[in-house]
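Chemist: Chain A is already provided as a structure; the job is to place chains B, C and D on it using the hints.
Chains as they are written, first to last, in my numbering: chain A, 11 to 512; chain B, 63 to 180; chain C, 148 to 421; chain D, -14 to 617.
Don't read these hints as lab results, they were simulated from the structure.
Among the hints, erroneous ones may be present.
[To be verified] Footprint (simulated), chain C over chain A, 3 or more residues, beta carbon under 8 Å:
1) 17 to 24
2) 184 to 193
3) 200 to 213
Small disclaimer: the values here were computed from a predicted structure and weren't measured.
Cβ atoms here follow ideal geometry from the backbone N, Cα and C, with glycine treated the same way.
Residues per chain, in single letters:
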Amino acid sequence: MKSNYAVLLIAIPLLVAFLQPLFSLINKRLTKWVTFLTIGFNFIYSLKLLNYVMANGAQIAIIGNWKPPFGINLYLSPFSMLFATIIYFVALIVLLVYLIDKPTEVDDRMSIATLLMVMASGAITLTGDIFNMFVFVEILSISTVILISFNNKGISFKGAFRYIVLASLGSSMLLLAIGFIYGSLGTLNLASIAYRFNLLNPVYASVIVFLFMAGIMVEAELFPFNAWVPEAYKGSKSYLNALLSGVVGTTGIYVLFRMFITIFGSGQNHIQVIGSVNFNAVIIVIGVLTTLIGEFSALSQKDIKKILAFSSMAQMGIIAVTIGVANMNSINAGIFHLINHAFSKSLLFIVAFPIINIVGSANIDKWEGLGRKNIFLAIAFAIGSFGLIGIPFFNGFWSKMMIVESVVSAGGWMYLVIGTILLSALVETFYFFRIIFKLFVDKKIESTYSVHIFIYLAILILSIIVIYIGIKPSFLATYIHKAAIDLVDKSHYISTVLGVIK
Amino acid sequence: MIQSTFFYTTAIILFLIGLYGVLTKRNVIKTIITLTIMETAVNLFLVTIGYVKNGTAPIFTSTISDVHKFVDPLPQALVLTSIVIGLGTTALMLSLAIRLYKKYKTLNYLEMDGEDEK
Amino acid sequence: MKNTQGMVNAFFAFLLVVILGIFFFNAINQPLGNGLVLNKDNPDLSKRVSIHYILKNVHNAEDYLAQHKSSYFRNRDKVKSSNLEFGKTKNAESGSANEVTSIVVNYRGFDTLGEVTVLFISILGLGMLLHENKKKYWAKPSLIVRTGANFLFPFIVLFGVYVFVHGHLTPGGGFPGGTIIASAALLLILGLKDFKNKLTMTKIIESLAGLTFAGLGLVGLFTNGSFLTNFLPSGTMGLLVSSGITALIYIAVGIKVAAELSSGIMEMNGGGEE
Amino acid sequence: MISNILLYTMIAAVISFALGQKLKAVRWSFSALFLGYVGFQLYGLYGQWGMVETHNIFSLGSINFSLNFGITKLGWFFAFFTTIINIMIWIFSIVKNMNEKEERGINFLWILLAGSNLAIFFSVDWITFFIAWEIMTWTSFFIITPGWKNSFKAANWYFILSMFGAYAMLVGIWWLYATPAIHTLNIASSIALLAKLSITAPGTVGIIIALFVLSFFAKSAVFPFHPWPAEAHAEAPDDFSPYLSGIMIKYGLYGILLFIVPLFIQIMKVNPNIAMVNGIPVYSYILAWFGAITAVLGTYLAIVSNDMKKLAAYSTVSNIGYAVTSMFILSSAGVTGGLFHVVNHAVFKSAIFLSLGAVKFRTHEREMHKLGGLATKMPITFLTFLLGIIAAAGIPPLNGYASKWIIYQALLSGHFPFLTTMIFLASTGAFLYLFRALHSIFLGQLPRKFNNVKEVPFLMQIPMILGILSMLGIGYAPGIVLKPIGLAVKAMGLTPMTVENTLMVGKLSSINTAVVSSTFIGAFFFAFAFYLIGKKRHHVEPLDNYTAGQDPEEFGLTPELYHFALKFYEPVKNIFRPIEEKLNIKNYYRALVRNANSFGATLSEMFKLSGAGSSMIFVLGLVVIILAGWML
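The shape of chain A in the complex, shown without the other chains (with noise of 0.2 Å):
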């Protein structure tokens, strides 16, 4: 079966960590090198398999020669392989700009938990195993911790303590969840808990779904589960926040996607998540409220890296709100955000790293005059934030679009929804047009810090994906199109992993 060599996406990043204390007796920038180019190779082979799946249809790894349900399985579909894929080229590209930052003494611990946190994230995609997930989670939470306090400051330790405190309250949660999954349905695969979630007494159905939620909701950055995430952002480095934000926050929402539309979710329009409790609805106002709160949050910030935590915990919440509606036009524009909001939050954290270098400060107030310092970034900048916004013709506008689309067809108090959702982007607009604006005032800027090449090739990158989803979305519709039917249909789901027609 070639796709259990699937697993080398999990397997080679652990080898390499479990090797890299050997290279850094060597070197200690050369551990960073070999993250680089782990990833590297993970983005490939996803690439590739990606390319697979979406020829063939979804496929099952599996681990231990033991068939599902009874090993762990990975489910290798479109819709998985998409995300590991973007994860993986997120990661590539930030780490493109750590290879060059001032080397640190732990560097090699450094590379090493960011290798295993985009493992862990890429993991969390595939797998198909619950207890598997939380394993995982618990890596990328770990390798999280890591990465915000890398920066060696006391907001860092204050955000990374914040952020591991609710992170354990919100895996003793999921804990707890897989707990009552295991107590009532006997088993830990996911095929197999979506197959049969319907029996259970719908009561006990929604203490699962409750738990869950509390527990991985915090990783995808759901108000009230999200209270680390402004001040984790502000101490950890404006790059990194690139995977906060791409990687974790992508993964979290992942998650919510895959368990509430695919294993807790049932019907086929319009999906209701299983449970006595309208779920839905449930979701629907945490994802208003987070914007709502991300965005006014925001408005009122001068810190760039806490604007743009607000603003990418805004976005996670309008997201939340497709997974809420959960039609399919919904489910395919909450994909298309998502992968935007990866693009484009990731540009703007890169970007922000030379912007703060320059001009020696993360206030915005300072930034003024940077675009005649620098025009290159202060377009990029520009050019992020559009993408974000949804300007036409930058990749945020169609999935933007698609949003207020599915939302209003929803009828009902979904007017109210889209009301609200469109007066936090007209919050957004504000603050980030008002930062673009004091890039190019004029202003003189004194600086002797030179941008290396490497950060300019991932801003390069950044931009041109932007730029390019934004005018030819069609090459991605094809994938996002699969993706969705394939987040959609649980029978096909089940049918591929447990080899039984629902």
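Modeler: Chains B, C and D alone, transformed into the frame defined by chain A:
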């Protein structure tokens, strides 16, 4: 023989005690302790799910080989994993606490400020 | 004033906790939907996947599922199984006598790989956070501790090794064994006045042990087409040399955990030579 | 063909960007030439009605995104006239920007703006329309504020209100699409289907109309969105103000003519049980009142402002008010009058702003009491301004007169006495501020520091002269414009007015503009002859006049304080001050922004709580979600 109800109740009460601590304690170390209590509670909960009345440990020995009396081994495996994860998290939290103390000379989370806004 | 606020806070927290408590008690007393209640009834293992792990008939179950499709889920106990006897059964699937070990290392070995990684990365994080720490915290050891440390050290290590080598037969395994060995290292630190941290050595050992685990998995992938496959014969259940790579992996895990925890302790003891 | 033009626009923008700051003269001339080429192409498109070009972008789920460009009569008309005016403005900006110390590198945004301008008028589906609308909004934001702090505040007024409108339209568009009975994005067919739907579901149609109206009103600065032009027009670069006032503000009116007015006409035709007032739907009547309020309010605000660009901006607001009122009368004359006034206003207001730009180019002053007596120094500018305000005041023989005449015809023949009164009030008020501006800037006495002021360079005079000629030309023969307008009006389902080149036939009376114009021009020359042969004036130094020859700086004052134009209409302001203080809508907007900021600050405090606090939020949130979940 003890009913599983006892274990479930204990687990939940322990969990709630831990949660209460997390909610009210401002001291970093106390927060860590209460979080550990919560983890223990969850582990107890998980183990209880596999608990069979009058059961034996799921290990074949020369004397025990009645498989139908075995308690469920899977939750035990899960708990093994989750204990190790808990250990890792606690170690990391404690080292963060050390760093926080060195930086701010206090363990009260609310009193940690300064050099934030730069 | 501050006190009142604290009281209010505590009361509020108490209220929340009570509500959550009602929620949890409600949850465990709910009927599950298959006729059982979590809180009252013994689990029906024949409705759980672990029945196959206990009976070691997972491959039969796979075949049964492939043939009977969805009716499998109602008839888990009808899957064929052979009689299992300690010290006699040969070539049982995953031949470890300890069922928990067979799950941890064999059926769900991938989780354990993750688990090892969690430990690895948290010790790594610990090292990263404490790398500026050059202070040795320990007080001067007394004579009793010094002598005891020297005397007990080999025995503790021996016991640890015993625990993880017998991981597939008796309670214990790689994690407890490794921890026991690490406690020996702790004892050395406490007991020896001029103990030198050997971080480089632990690093190398740890790497090699981790490499063994992942490498064994990869060997399975390349020879039998699936990661972490037990490609060795599982032997007679109950013997020391049995259960294929399960034993090997548990040894690797034991060494790795021992090295990791020791290095964690050494990091706290003022870091390495660097 | 249309797509090619738009594509060339993008390429031109890229070329302009690539040319860089060093070659600013080249890039500005290049863009003006390019726009000339576009205008030429557009002229060639006349008559190809119904042509549609489709470009699929992508389809996902059940939605297919495509760009559809087509030529409608209304669209072509707007595209062509705006392009002509645009060319005028751009010729002006060549010299203006060549002499800027640092050109702001906004030329490529201008070209993009011109492209989106065309795209708006040529889009035949809502997606395309919205895309063009958005591009127009953000490009103009950065043109208004190319890095000046004052203009940033101003641009924010514009931008927030515009984006608010745009989002309202976005919801409206998708609401249209989500309504099963409509389910189309095509503009023309959505009108027909909406009209039918109004029989069965008047509520839905009402809300959709409201959303679109909100958007168009916000863009056109109709009450309650009137504050933005004064800010944005005043603070924008001097060569962009004509564009803002002449073209930008008309997009909302275009939207109304494209969608709302035909929709009301259709509804009147197909829906027998719609509530009517005076023969028009009651909603239309209410909207007409919004126009009337805007007209009066704009006039008042223009009267009390001292800044010459703000004055002109508020004058624009009030003129938009006339057009809106007239359009919502829904009669043939009303729509024709509104449309005609849009064109006329575009011509004379850009002429006025060009002349103000010329004044500022030479004097760098904006406040009227610091100016004066420039008529002899800058004769062409003076003449442009003079004719511009004559047109704005609606005095024959200039174009403003012709459109106002039609508007009054429409209002009176439709029996709207109160609306007529409002418009008349506003129109009379216009005299107050227009001639004050003329007097303060160009007449009166020249401050000493402007003794060396010269007329602007010839290249800058060209657009002004063109403006004069077109004002005179349209005033003399309104038929040139009214005939294509007739085509557009006919396409909306109305019988167009009977017009000939110099003859307008209304319901109440008809008028021959040639005769009127000749009479007025004759009278003008008659009076001018008296001026020439009359007694020559003595030149008096300004300060001799005000302070009896004493230098005010000796007692610590500046000469400007003695200028008669300072606080010219203070009494008027005093009369209305109590009302203004209570009803100043700007204060409400400001309060909104302030509250949004403090709301955000409060919210973000939530994330600064202790570790226990954030766990508290976590658990509290979970409990609330659980409780709410069980209850829902």
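Chemist: Determine for every hint whether it applies to the structure shown.
Modeler: Outcome of the hint check:
no.: 1; hint: 17 to 24; verdict: holds (count 4)
no.: 2; hint: 184 to 193; verdict: holds (count 3)
no.: 3; hint: 200 to 213; verdict: holds (count 7)
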